[in-house]
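Protein chains in written order, with the working numbering: chain A, 1 to 91; chain B, 1001 to 1418.
Simulated from the structure, these hints should not be mistaken for laboratory data.
A portion of the hints provided could be inaccurate.
Claimed, not checked - So the derived list for chain B, only partly shown, Cβ under 10 Å to chain A, looks like this:
1. 1015
2. 1033
3. 1034
4. 1188
5. 1195
6. 1199
7. 1207
8. 1208
9. 1290
10. 1306
11. 1308
12. 1310
13. 1372
By construction, the Cβ of each residue, glycine as well, lies at the ideal position given by its N, Cα and C atoms.
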Amino acid sequence: MSKKVRIPTPLRKLTNNEELVEINAATIGEAIVELQTRFPGIQERLVDDKGEVRRFVNVYVNEEDIRFLQNRATPLKDGDEISIIPAIAGG
Amino acid sequence: MSEQHGFMKALKCRECGREYPLEATHVCEFDFGPLEVAYDYDRIKKSLTRAVIESRPKTMWRYRELLPVATEPTVGKQVGFTPLIKADRLAKALGIRELYVKNDAVNYPTLSFKDRVVSVALSRAKELGFETVACASTGNLANSVAANAASAGLKSYVFIPSDLEQGKILNSLIYGANVIGIKGHYDEVNRLCAEIAGKFGWAFVNVNMRPYYAEGSKSMAYEIAEQLGWRLPQHTIVPMASGSLLTKIRKGYQEFVKLGLVANSETHIHGAQATGCSPISVAQKAGLDFFKPVKPDTIAKSLAIGTPADGFYALKVMRETNAAADDVTDDEIRDAIKLLAETEGIFAETAGGVTVGVAKKLIASGRIPKDSSAVICVTGNGLKTLDAVQHHCGKAREIKPSLREFEALLAQEEKVNA
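Let's have the full structure, built from the sequences with the hints guiding it.
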């Protein structure tokens, strides 16, 4: 079994409208690199020049914000589901 | 273009400046930066003067050129222009020369500032042809979407944390909205809604309609400036959940200066949070320009957003206006709710307690000088968060319908008070 990444609407142009992408990476950092090799251009949308996840990008592993885990070093195991979600307003 | 879009020019990314068409979209495809409405201020300046504004009905729509609708609003035409109270008794209690309360606890129709943003979002949603509207909410927004959608004949779905105050849940159900309680805190509701919004063709007021929605908050700033006699306050104290309101109050003041409606005077915009959910105030006090997300634990549920979307910009506004942030505990929130009620006769919800409590702290510490003038923004009504104060304001004393018993009661109290 592999890991799944949910691609948010603003990035689906890069994934040929694929919503759910399977990956093999072992960490979030590696996942971003793996996505980049398959969908060129996606990396710069997610991380800034310094390689940090962009300010308005929230990444979740199984519904937990990676900032509560180990950020880019957060390990991934088979069956994990990763969501990439833009920050949204209050309510 | 102008006839089609009113005074709006485009949606523009706040990070990189890329422009997008005026549709139901909220995120820049390149850096995920939030999109914001850009206006044609030269045209607005020709049409919006003090005299024009004063000739219009007393609602938030008297500033309609500065609000993102293409034509006349169709939803929430009566919203806004809430009282600005000169709060002399509260001023005395807090030890400040001059104090005002902007009282959105009596906003129409659902008793919170959210009616402002919803009125804009739903008017725009109708312009864009939507028939179903939705939101992720900590309560007040859900109430407002439910009520305004009902009166506009729109179908609504509101998503809330399932542990909300009973009053706030009932206040959405009554309007026939589809109320979905999510077993989780607001940030989780938010995440789910971001995913739902991508899938269904609905107008999610704080997701894909956010650029329009958020602009509604500016009307609070316009009203404050007009009600003060066309001037900016020296200090404004604003509650922060996502941080959006604080940034829009600033934008509202700046637009009035840009249009020559008020003089450009020094104005500080301070932020208030609950200690149990204070990612922005903690960052501000530490001098950081970014925040660390938190898991909320506070009675101020309407402010319980651990990952504040506009936290970064709120910090920037406080830095740029040389302002402060602070936070208050649950006990301080309850005390402040009671203080506001006992001095000014205004029953605010927990967020109002946060704002008054933080104002008290900032005045006591000198961050807001005692000889200055300040405005406190009260954004919601205490009748919706009764649970929070239920066991903290004493009890009614019961007697038989007998004069003798009443006299005995008074005598006993006099003894206690003596």
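Please check whether residue 1015/B passes as an interface residue: C-beta within 10 Å of a C-beta belonging to chain A.
holds, 7 Å
Tell me if the interface restraint on residue 1308/B is satisfied: Cβ within less than 10 Å of some Cβ in chain A.
Holds - the Cβ of residue 1308/B comes within 10 Å of chain A, reaching about 7 Å at its closest.
Interface hint for residue 1188/B, Cβ within 10 Å of any Cβ on chain A:
holds, 7 Å
Interface hint outcome for residue 1195/B [beta carbon to chain A under 10 Å]
holds, 7 Å
Cut-off 10 Å, beta-carbon criterion: hint that residue 1034/B touches chain A
holds, 7 Å
Evaluation of the interface hint that places residue 1033/B against chain A, nearest CB under 10 Å
This interface hint holds because 6 Å falls under the 10 Å limit.
Go through the hint on residue 1310/B and say holds or violated, using the shortest Cβ distance to chain A against 10 Å.
This interface hint holds because 7 Å falls under the 10 Å limit.
Status of the hint placing residue 1306/B at chain A (closest C-beta pair under 10 Å):
Holds: closest Cβ of chain A sits about 8 Å from residue 1306/B, inside 10 Å.
Interface hint outcome for residue 1372/B [beta carbon to chain A under 10 Å]:
Because about 28 Å separates residue 1372/B from the closest Cβ in chain A, which is outside the 10 Å limit, the hint is violated.
Would the hint on residue 1290/B stand, with a C-beta cut-off of 10 Å toward chain A?
holds, 7 Å
Does residue 1208/B pass the interface check with chain A, least Cβ-Cβ distance below 10 Å?
Since chain A brings a Cβ to about 9 Å from residue 1208/B, closer than 10 Å, the hint holds.
Taking 10 Å as the limit, does the beta-carbon of residue 1199/B come near enough to a beta-carbon in chain A?
holds, 9 Å
The structure does not agree with numbered hint 13 stated previously, though it agrees with all others.
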